[in-house]
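Enquirer: Put the complex together from the two separate chains, hints included.
The primary structure of each chain is shown beneath.
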Amino acid sequence: MHNREGKVAKKEYGHSEVEDALVALIASTKRTHRKLNLVQIAEKLEIARKGLGSLKNVSKAIGLSTEMLRQFSRVTKIAPEARRFLSQGAIQGVDVADRVSRLPTADQFSVAQAVARGNLNSSDVRAIITFRKDQPKLPISEVISRVMNSRNIREYVVQFLVPAEEDIRSIKDRFSKLIGHDGVRSVNAEKGLGTLILNKDGKNRLELIAKRKGLTKRAIVERVISREVK
Amino acid sequence: MTNEIHEIPIDEIVVSNWNVRHSERDKDLEELAASIAKHGLLQPVVLTGKYGSPPYHLIIGQRRFLAHRDILDKKKIRAVFVGELNRVQASIRSLVENMTRTDLNHADAAEAITYLYKQLGRDERRVKSETGLSLHRIRQYIDIEERASRRMKEKLRSKRVTPVDVQRVLSAASGDIEKADRLLDKMERQKLTIYQKKRMVEYGEEHPRAHEDKIIEEAQRPIIERTILVRLSNQARAGLEKAAKQLAMSPDEVAAQAVEDWLSKKGFISA
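These protein sequences, in sequence, are chains A and B. In terms of my numbering, the numbers along the first sequence are unbroken and rise by one, the last being 235. In terms of my numbering, the numbers along the second sequence are unbroken and rise by one, the last being 280.
Hints should not be assumed to be uniformly reliable.
Unchecked claim - Computed list of lysine to any residue pairs in SDA-like fashion (alpha-carbon distance at most 20 Å, straight line):
no.	chain 1	residue 1	chain 2	residue 2
1	A	Lys222	B	Val91
2	B	Lys59	B	Val91
3	B	Lys206	B	His220
4	B	Lys207	A	Asn154
5	A	Lys142	B	Glu234
6	A	Lys138	A	Asn154
7	A	Lys142	B	Gln199
8	A	Lys205	B	Leu238
9	A	Lys222	B	Glu234
10	A	Lys138	B	Lys59
11	B	Lys200	A	Arg131
12	B	Lys200	A	Ser150
13	B	Lys168	A	Pro141
14	A	Lys218	B	Leu238
What the hints assert, rightly or not - Anything over 10 Å on all C-beta distances counts as not near chain B; from chain A, calculated:
no.	residue
15	Asp25
16	Val28
17	Leu41
18	Gly58
19	Gln93
20	Ser127
21	Ser146
22	Arg156
23	Gly219
Calculated from the structure, these hints are not laboratory results. Quick caveat, the model's predicted, so the values are computed rather than measured. Think of the CB as a built atom: it goes at the ideal place given N, C-alpha and C, for glycine as much as any other residue.
The following block holds chain B by itself, in its conformation from the complex (with noise of 0.2 Å):
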């Protein structure tokens, strides 16, 4: 990208259908005019292709230009040029622009994430390593992109639900899309607290045939926990300990696996 800032004519500019943001373009757009009538533009808009061969294509800065072109009705605006690029570099750019700045809606992330994966061989760590973004995130992305109806999509990019709303339906609903949204509708309708949404998709992957009110009166019945005290010897005791901190576990955790072990080898469980 060449440092130097051009005053370019508004007209001149198109938005590419590269840049990422498609949704909330014009929220608190009246905000950012104001700032930019105060202070100026702080930040040029970035542009590709070659200076004085118009028209350009805008891949940062959506939100700036509209601001001048709509509100402000300025006719130029100071940009600088990124030369020529495809569309997997103008996405990584335009997508690394807006998830650093601002929030960028979930859908518009989720979409743009998804097109770079497949356009990188379908490999997560060239997406972390060209966004910077964590594998968890990248995958989240990802998963729902690829896995979520529609409606959940609009939902998502409204903010009326969270991306990990939307994946523990879709875990609670094991795989059936319509139960997944009608779990979503009841989910936002109940209000349920984190611990009610963990029974929700337990209860639904364990009983992938059971109906969405089933699953919902389900997660809002607590469930009995029994912790068994049980005697031990001096050296089982050592032991447990020794265990729980090599092996970064709770002595509980530890002994219940080590009970769950001898029941299922000695054929009391099934395995």
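So here's chain A without its partners, still in its complex pose (with noise of 0.2 Å):
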């Protein structure tokens, strides 16, 4: 919008709307399970500041800290094309938000899709940001291989009595089949004890379907080799 001098006037918001954008941050910014994507949470930010005068203002409003607040804000920064990820809820973590915003506008996109799809995480995006600092030349993609490459290796352990009557590599076959041939690294046995390696894809799915039985990871793994859990 342009007044006459052709300059973009300022948004003013009215004292409800500003009420109304705290009460969504409060509900928003302090919980895990938030109502708002952060997209939505700065928009609010954005009006609770104009109203209040100043992101101090807005800390003092909510109880949270003006660098929280700040990170928060930081979410405008990122290109719109990677701040769709966010819109959509596929990035929910306001600090793994904060660091893609740090990143050069034409990394952004390729860093945001590989946070979005569970291939980096925030420590990753760090990495990342002081990597391409020192590598400017080189092509975003190759940053991101040469930062997950050098990760140190995740396995998960789970430990196990085998039943008299059981073959390993039937037990093996069963958790191939339940988490995927790919998430599991390995499954042996040694005097009647066995070992099953996860990696961190097979984690995350024997996770996954915990969480929909209602059952811990460790039980899961019991239960598949009760052939309880198929």
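Expert: In structure tokens:
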């Protein structure tokens, strides 16, 4: 909107709009399960900031640090195509969003996409930011891949007693069927003691199944062995 | 400091040795001169001494002064006076001015902060209250000034390496400065990620006699981190969650700590 002098007019918000924004911020910034996505929170924050005059005043009003609020407001610095992942709820962590906003605009989409797919976490994005400074000419796909390949390898180990009548290959097949071949690193047995090793994907899938069935991961493993879960 | 602004002849001013900026004095000087030519000098330079008793020593505004003298060929510059200052007071003023307004070179800042630290009774908190810098930054500057080699400081001056990287190689080399220099060279060439740099420090500290090539090789090798899933009673699970909440740690960290403590207490691992 432009005024007579041709300058962009600042939008003014009414008292109730500011109040609504503050309520929405209280409901959505302090909890893990937020009603609003990060882009909506940033929009509400902008209304509250304009209404109260500064982030410091918003901080006092809702009891959240200015540093945290600055993280939420930095979401607006993310390029629109990358911001899509935030508005869709595929990226929910404000720390990771803040870190994505610190990348060059051209890199943001690829990194946000990898985060949304679960391939990168907040620490990885931090590692990408510093590696990018060292390697400004490398394609972003190469930067992401170099960081991913340099991470420590995470494995998840479950030990269990192998029932006398059971064959370890059959147990392995059941886990592979449930979790997927690519999630199971190995299943071995020695003197009746079985060891199941999962990679991160396998552990995530096991977690998901456990959640759906209202059980712990460990309980799911035991039910697979006893053939209660197939 | 008096607020009165004077037009001072350029040839009556000398740059004080107490001005903390020793590097990049000429960086972007042409741009600064162009800006002054277009808009004038917005902020006067700061001189010590008393107006009317030249020569005057410049403690703040060295680049503005150089732009006037060397590029714009001006005969006078606008200045204010702060009276007589001792070296500590002058260093503080110059440091604070440079650190808040521009990106002061790390090596220059480290030298100035370490000087202040020594003059202020080796009290980091006094340096903090005088400069407004965080204790973490003050410690980093002092650490690098005291431990880094001349080559490392040159690399910092030319911004080829970061202060954190210098601290990393110093830790990885376990105090061997020459080895740290060689490690830094290799780190620059290999372009390591943060994860690899962390492993470099871990391996170097655990193996103080390891050759730098071996340290870099191990840094590039990912470590397998195994998480063991165990079955806990409901009571133990509730306790774990309670401890995690109270100690602000993740349940995994609490469990790992508890297991280590138990094993150590029972003599299964050495403390």
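Enquirer: Can you name, in rising order, the numbers of the hints this structure does not satisfy?
Expert: Per hint list: 1, 5, 10, 22 violated.
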